[in-house]
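S.K.: The residues making up each chain are set out below.
There are 2 protein chains.
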Amino acid sequence: MTDRGAPAGLLAVDSGGSGLRAALAAVDRGVLAQRASTVPVRTGPRGIDPGHLMEQLVPMVRALTAETGVRELGAAVVGAAGLSTLGDALRAELPDALTREFGVAKVALAADAVTAYVGALGPSPGAVIAAGTGLIAIGTDLTRWRRADGWGHLLGDCGGGAWIGRAGLEAALRAHDGRPGGSARLRDRAEAEFGPLPTLPGRLYPRADRAAVLASFAPGVADCAHLGDPVALDILGAAARQMAESAAAVCPVSGEPRIALTGGLFRMGDPLLLPLEIELAQKLPHAQQVPAEGDPLHGSVRMAADLATDALTLPSDGTMLYLAPKKGISPTGDE
Amino acid sequence: MTDRGAPAGLLAVDSGGSGLRAALAAVDRGVLAQRASTVPVRTGPRGIDPGHLMEQLVPMVRALTAETGVRELGAAVVGAAGLSTLGDALRAELPDALTREFGVAKVALAADAVTAYVGALGPSPGAVIAAGTGLIAIGTDLTRWRRADGWGHLLGDCGGGAWIGRAGLEAALRAHDGRPGGSARLRDRAEAEFGPLPTLPGRLYPRADRAAVLASFAPGVADCAHLGDPVALDILGAAARQMAESAAAVCPVSGEPRIALTGGLFRMGDPLLLPLEIELAQKLPHAQQVPAEGDPLHGSVRMAADLATDALTLPSDGTMLYLAPKKGISPTGDE
Numbered sequence: 001m002t003d004r005g006a007p008a009g010l011l012a013v014d015s016g017g018s019g020l021r022a023a024l025a026a027v028d029r030g031v032l033a034q035r036a037s038t039v040p041v042r043t044g045p046r047g048i049d050p051g052h053l054m055e056q057l058v059p060m061v062r063a064l065t066a067e068t069g070v071r072e073l074g075a076a077v078v079g080a081a082g083l084s085t086l087g088d089a090l091r092a093e094l095p096d097a098l099t100r101e102f103g104v105a106k107v108a109l110a111a112d113a114v115t116a117y118v119g120a121l122g123p124s125p126g127a128v129i130a131a132g133t134g135l136i137a138i139g140t141d142l143t144r145w146r147r148a149d150g151w152g153h154l155l156g157d158c159g160g161g162a163w164i165g166r167a168g169l170e171a172a173l174r175a176h177d178g179r180p181g182g183s184a185r186l187r188d189r190a191e192a193e194f195g196p197l198p199t200l201p202g203r204l205y206p207r208a209d210r211a212a213v214l215a216s217f218a219p220g221v222a223d224c225a226h227l228g229d230p231v232a233l234d235i236l237g238a239a240a241r242q243m244a245e246s247a248a249a250v251c252p253v254s255g256e257p258r259i260a261l262t263g264g265l266f267r268m269g270d271p272l273l274l275p276l277e278i279e280l281a282q283k284l285p286h287a288q289q290v291p292a293e294g295d296p297l298h299g300s301v302r303m304a305a306d307l308a309t310d311a312l313t314l315p316s317d318g319t320m321l322y323l324a325p326k327k328g329i330s331p332t333g334d335e
Numbered sequence: 001m002t003d004r005g006a007p008a009g010l011l012a013v014d015s016g017g018s019g020l021r022a023a024l025a026a027v028d029r030g031v032l033a034q035r036a037s038t039v040p041v042r043t044g045p046r047g048i049d050p051g052h053l054m055e056q057l058v059p060m061v062r063a064l065t066a067e068t069g070v071r072e073l074g075a076a077v078v079g080a081a082g083l084s085t086l087g088d089a090l091r092a093e094l095p096d097a098l099t100r101e102f103g104v105a106k107v108a109l110a111a112d113a114v115t116a117y118v119g120a121l122g123p124s125p126g127a128v129i130a131a132g133t134g135l136i137a138i139g140t141d142l143t144r145w146r147r148a149d150g151w152g153h154l155l156g157d158c159g160g161g162a163w164i165g166r167a168g169l170e171a172a173l174r175a176h177d178g179r180p181g182g183s184a185r186l187r188d189r190a191e192a193e194f195g196p197l198p199t200l201p202g203r204l205y206p207r208a209d210r211a212a213v214l215a216s217f218a219p220g221v222a223d224c225a226h227l228g229d230p231v232a233l234d235i236l237g238a239a240a241r242q243m244a245e246s247a248a249a250v251c252p253v254s255g256e257p258r259i260a261l262t263g264g265l266f267r268m269g270d271p272l273l274l275p276l277e278i279e280l281a282q283k284l285p286h287a288q289q290v291p292a293e294g295d296p297l298h299g300s301v302r303m304a305a306d307l308a309t310d311a312l313t314l315p316s317d318g319t320m321l322y323l324a325p326k327k328g329i330s331p332t333g334d335e
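From first to last, the protein sequence lines are chains P and E.
Quick note on the UniProt record's numbering: the first sequence kicks off at 1 and runs consecutively.
Quick note on the UniProt record's numbering: the second sequence kicks off at 1 and runs consecutively.
Derived by calculation from the structure, the hints in this document are not laboratory data.
This structure is a prediction, so every number in the text was calculated from the model and none was measured.
Misleading hints may appear alongside valid ones.
Remember, identical chains collapse to one label, so a pair may be satisfied in a single copy or spanning two.
To be verified - Cross-link-like lysine to any residue pairs, in silico, SDA-like; alpha carbons within 20 Å at most:
{"#": "1", "residue 1": "Lys283", "residue 2": "Arg241"}
{"#": "2", "residue 1": "Lys326", "residue 2": "Ala92"}
{"#": "3", "residue 1": "Lys283", "residue 2": "Gly181"}
{"#": "4", "residue 1": "Lys283", "residue 2": "Arg258"}
{"#": "5", "residue 1": "Lys283", "residue 2": "Pro252"}
{"#": "6", "residue 1": "Lys283", "residue 2": "Pro180"}
{"#": "7", "residue 1": "Lys283", "residue 2": "Gly182"}
In isolation and in its complexed conformation, chain P is listed as follows (with noise of 0.2 Å):
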């Protein structure tokens, strides 16, 4: 195959807290390659930097068109956290600079929870609950987005890994204390993961990563749950009560909605999983729960498949989905 007849790649991004993910597609041939990086990209006084993203970006494309061949790129889709509320310098800078260092002619930026509800349903009207260290849902009806909490570890993100480890360290400190809604089982566990309970706030609030300390305990309260302890059985049963609180927010309220589960956390298996079940089915009943075709970045390649072939249908508004103005500039000059 010549470079001239090479079929027009695709590029698909995936930015979050544990860093970048690229992968190189073809429309009729789906992910040819992909590389990762784990360094976030930086937040700094303007938001997400496109410095930064660049500067990882561009030696990672560059390898993947060297190992597949693929000189051209039709379409770029980068999901990126934070991008509704942090993304004013990337909407403003990255479209020109993936025009300029790759050629693309058309580039989409999308919220990691957009990507994440492509990734798992596709193009098709429900509910998406994504839940890692922080937890977010988001819904569409294809007429607009929905999102509901997703707010970090201190205002919201109820139900995700950071809030069941947290509600399970708390609930061990309380039997340190005797106060009540302690449990010695969760207290033993805390004790055995991180060492004498007094000690524990010298190593939590010191570090970046709080959240994620606090989300490194939800395993143990699963554990806890799974041994039959009353205590974490109740924190993964309040987890599961609020994951289906903020699908049924953001869920359509008639038509054959379907729902979807996304993230790391729902690994924890069947203490979590057993009651969300039986929460989506009674807040909503008319929606039918499914599993997650894929994860955030296949989200993004579908979006690329469909932005490289005029077919992308999904609402754009500008912050959950932003399509950048087309540009007719090539590199090579021959467009």
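With the hints as your guide, set chain E onto chain P.
M.R.: Same frame as chain P, but now just chain E:
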């Protein structure tokens, strides 16, 4: 009054999150003068930094001795936030430093909860709830100290200012999202104070004083409760219940203990005090609720007076209350 005839002075210090206060007192005349700094003592890798404390304290004490004419210090009591878990360097170095600089013979270091207790109830059995941004309950039967909560805004401080403000902001965001448990009145109040709610995470998370930012919304919750908002009333009711639970965990179970409240949070008044009075009466029917006599600095002064006259009968355990071994050294060599 000559220098030699001056009364043996007492040095009382209160070191906390909002700075350092020092008072010079006399056993028979009470507080003579005081000074304050708004620079909190640094916490470094070795815990609370004794050098930084002395750096601030020395000029204060020089000014106080000049102002009062008190030349000899018979006893010093330093109440410090974080002493139990972050006080190793303070215990190792501060007593010698105080002796060297000021010729103090008797030195005690106390957790700020202990000075808050003594300031509120004096050396008598009972329980004190100290609440500002954080919350801790401390109690004693005069044979040992017991403490409950005080674990900070991520792990507990249940019912404190940051806890109440955080719950209010979560309710505001629930209303914004259309999730259950929201309050439109709290939403409007939060928007009036912080601007559009989607910008709140960007304003809160980058700050170092996140707990204080959360606590700054506690008066907003109180105002909404005063207007009859049911969600705000529930938040303050839950705060009162948790405070009473912490008090019950530390209060002597027999005898005639007294209970007092201390700290800025209680300026909130009736919306918090009325439910708290009821909760305390239910959970601790044998305890008498009394007004706090004074603040933590007052507690340090009382303890210094008792220490100077060998009348300090409070339980010392090395962490909550540490009595330094006596020194016979005087900088003037005339003892």
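S.K.: Looking at the structure, which of the earlier hints fail to hold?
M.R.: none
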